[in-house]
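Engineer: This is what each chain is made of:
Number of protein chains: 2
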Amino acid sequence: MALDHLFQGSAVNAVDAKGRVSVPAFLRSVIEKRGDARTIVLAKHKLFPALDAYDPAFAGRRHEKLERRAEKVETEEGSELDAMMASMMAFGATEEVPYDKTGRIVLPPMMRRKGRIEDLALFIGVGETFQVWNPKLFLEDDRIHEDMKDIARFRLEERGVAL
Amino acid sequence: MALDHLFQGSAVNAVDAKGRVSVPAFLRSVIEKRGDARTIVLAKHKLFPALDAYDPAFAGRRHEKLERRAEKVETEEGSELDAMMASMMAFGATEEVPYDKTGRIVLPPMMRRKGRIEDLALFIGVGETFQVWNPKLFLEDDRIHEDMKDIARFRLEERGVAL
DNA sequence: TCAGAATCCATGAAATCCCATTGTATCCCA
DNA sequence: TGGGATACAATGGGATTTCATGGATTCTGA
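Chains A and B, in that order, give the protein sequences.
Each residue of the first sequence is one higher than the one before, counting from 1370 in our numbering.
Each residue of the second sequence is one higher than the one before, counting from 1370 in our numbering.
Watch out, some of these pointers could steer you wrong.
Listing some non-contacts, in silico: residues in chain B with all C-beta distances to chain A over 12 Å [claimed, not checked]:
(1) A1406
(2) L1416
(3) A1428
(4) K1434
(5) E1449
(6) D1469
(7) T1471
(8) V1475
(9) D1488
(10) L1491
(11) R1512
(12) H1514
(13) D1519
(14) A1521
A short, non-exhaustive set of chain B residues, derived as facing chain A with CB atoms under 10 Å [claimed, not checked]:
(15) S1391
(16) F1395
(17) E1401
(18) L1450
(19) V1466
(20) Y1468
(21) L1489
(22) E1497
(23) T1498
Simulated pairs of lysine to any residue, SDA-like, Cα-Cα distance not exceeding 20 Å [said to hold, decoys possible]:
(24) K1413/B / D1451/A
(25) K1402/B / S1391/B
(26) K1402/A / D1385/A
(27) K1434/B / D1421/B
(28) K1518/B / K1518/A
(29) K1434/A / D1373/B
Rather than coming from a laboratory, the hints here were simulated on the basis of the structure.
Ideal placement from N, C-alpha and C gives every residue a C-beta, glycine not left out.
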């Protein structure tokens, strides 16, 4: 796997009335290095009240994995259903959104609700994917290490926002 | 295999008195990227009381897969019959329908019955294919994960429909 | 001739594009 | 190394197009 081209870094950007957010340039550049798409795939994060985001190429690899699994178990009873449900979650529960020339996406209303995003979005690179948080929830979450919260606080302070 | 151009996302659209439904634009665009057809193939889903849908190009690939499987098992007693039936289902039980300039198909009456589609159609991308459900049955099905049902509920709410 | 089907047109709402502004980081050359 | 010029990132607002859908019109085959 490409050790290069990993998502890293953090930033806080504004979500405007139309639900638009600028995807930080340093994340966009990774997306474009990983493939030729100018879109990101959004999903509700499995563990956190936040969004999981990645590039379409990564979604494709995930699909291949599911396919192999499906072929392997297609004889066994029950597993077929499990494989089916996994695909449904991986694709039906996600949305692919393009970003425009200025690097903005519009957060689909459903994702906005699932990720509980309000007027600020905290972006955090996590290697193969990056996360989008409501900064407030990030700071309140007991599972997040204090060092990470410090970074979030810095990003907020940097833009003159107090929560 | 097609790493990109996968069906994903979800939507609820209306089925009018003539049996017409708009295929969501984000699914149509995938169909057109995968081939140059403006047509979808419909089949009763193998596991669910719903329809399985895909592009004509995928129907071809699925056919090859079944052929290989048939050859592989044709010595074994019994399996041959299974493979035969699978092929019959894959082709005899499908219908190919074109969508018009505005992106609408008319649901063939048989498919409408097989999929138990009434006046609302829930579309769900599942990678290589997408499904068409009666939203009511989707919400009632015990096998469907609660997270997916939440999404279906959101799609209904979004359009102001209460079931 | 008539019913059902396939086309075509119309519309309101929503999504997308385009241009304009500002602040900040980067570059370049004296 | 300063200091201005330049480029890019993030954001706001308005103009334009697309989408989903309803209704009318034409076509076609019994």
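Engineer: A separate judgement is required for each hint: does it hold in the structure or not?
Structural biologist: Hint check results:
1. A1406: 21 Å, holds
2. L1416: 6 Å, violated
3. A1428: For A1428/B, whose nearest Cβ neighbour in chain A is about 17 Å away, the distance exceeds 12 Å, so it holds.
4. K1434: K1434/B is in fact no farther than 12 Å from some Cβ atom of chain A, at 9 Å.
5. E1449: Per Cβ check, E1449/B is outside 12 Å of chain A; nearest 15 Å; holds.
6. D1469: 25 Å, holds
7. T1471: T1471/B clear of chain A: closest Cβ-Cβ about 22 Å, beyond 12 Å.
8. V1475: V1475/B clear of chain A: closest Cβ-Cβ about 24 Å, beyond 12 Å.
9. D1488: Label holds. Min Cβ-Cβ 21 Å, cutoff 12 Å.
10. L1491: 10 Å, violated
11. R1512: With a cut-off of 12 Å, R1512/B comes too close to chain A, as the shortest Cβ separation is near 6 Å.
12. H1514: H1514/B is in fact no farther than 12 Å from some Cβ atom of chain A, at 6 Å.
13. D1519: Non-interface label fails for D1519/B: nearest chain A Cβ at 8 Å, not farther than 12 Å.
14. A1521: 9 Å, violated
15. S1391: Interface hint status for S1391/B: violated (18 Å vs cutoff 10 Å).
16. F1395: 7 Å, holds
17. E1401: Hint violated; E1401/B Cβ to chain A Cβ min 15 Å, cut 10 Å.
18. L1450: Violated: closest Cβ of chain A sits about 15 Å from L1450/B, beyond 10 Å.
19. V1466: 22 Å, violated
20. Y1468: Result: violated, 21 Å to nearest chain A Cβ.
21. L1489: 17 Å, violated
22. E1497: 8 Å, holds
23. T1498: Holds, about 9 Å.
24. K1413/B / D1451/A: This hinted pair holds, its Cα atoms lying about 19 Å apart.
25. K1402/B / S1391/B: Holds, at roughly 18 Å.
26. K1402/A / D1385/A: 28 Å, violated
27. K1434/B / D1421/B: 17 Å, holds
28. K1518/B / K1518/A: Violated. K1518/B to K1518/A sits at ~33 Å, over the 20 Å cutoff.
29. K1434/A / D1373/B: Answer holds: K1434/A to D1373/B is near 14 Å, not above 20 Å.
Figure legend: structure checked against the earlier numbered hints; hints not met, in rising order: 2, 4, 10, 11, 12, 13, 14, 15, 17, 18, 19, 20, 21, 26 and 28.
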